[in-house]
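Engineer: If you read the sequences in order, they're chains A and B.
Using this note's numbering, the letters of the first sequence map in sequence onto residues 1 to 114.
Using this note's numbering, the letters of the second sequence map in sequence onto residues 1 to 115.
In short, the hints are calculated from the structure, not lab data.
Take the hints with a grain of salt, since some may be wrong.
[What the hints assert, rightly or not] With a cut-off of at most 30 angstroms between alpha-carbon atoms, the simulated DSS-like pairs for lysine-lysine come out as follows:
hint, chain 1, residue 1, chain 2, residue 2
1, B, K57, B, K9
2, B, K57, A, K69
3, A, K3, A, K69
4, B, K9, A, K69
These figures come from a predicted structure and were not determined experimentally.
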Amino acid sequence: DAKTTQPNSMESNEEEPVHLPCNHSTISGTDYIHWYRQLPSQGPEYVIHGLTSNVNNRMASLAIAEDRKSSTLILHRATLRDAAVYYCILRDDGSNFGNEKLTFGTGTRLTIIP
Amino acid sequence: DSGVTQTPKHLITATGQRVTLRCSPRSGDLSVYWYQQSLDQGLQFLIQYYNGEERAKGNILERFSAQQFPDLHSELNLSSLELGDSALYFCASSVASGYLQETQYFGPGTRLLVL
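With the hints as extra help, turn the sequences into a complete structure.
Structural biologist: Spelled out as structure tokens, the structure:
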């Protein structure tokens, strides 16, 4: 499986944008980039995913480098509720059924400063 | 609220014992996944069931087993428990539409403490 590398921790001020980086230099052409986050004392939750083009949804934006070797999750205006561990995960679209599992790395612990 | 429920929320037991964790997926979801989260190993995939049948296996110990019932709820059985089995156990579910990138919805987890 292609691996991802994320900083262990980041801090950001409340109401400011946050850019969470992820490196995936061995990404294959059929790997989608997914982001999940885990709020304190909760299960992980889906944030966003993409393949090549930048993606936006109500929670965040995903910016994908042209060579796809890195991506950035953007929280446009961080709130205290966004304090969580953010996981960048690659999911292969070229494999068969039975490979839908999520492979979590260590993620980035985001702290929001009031 | 993801729509996935897990019981019990907390479980304290002794080494050598056996416990059963229960998961009810979101309405209509056919796939159920079990994950273990420990301090030293992080979040790890254990096993997946699809419509009652085992679909994929991860780092699941032989002392652990799971099943998915006709009503699609799932149970994870942990036996001969060891101190190292203390962890958070999450269940997730997905529609299993055939779209490999579909979202998994996680439950709140069961915190197991083995003393």
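Engineer: Name the hints, by number, that the structure is in violation of.
Structural biologist: Number 4 only.
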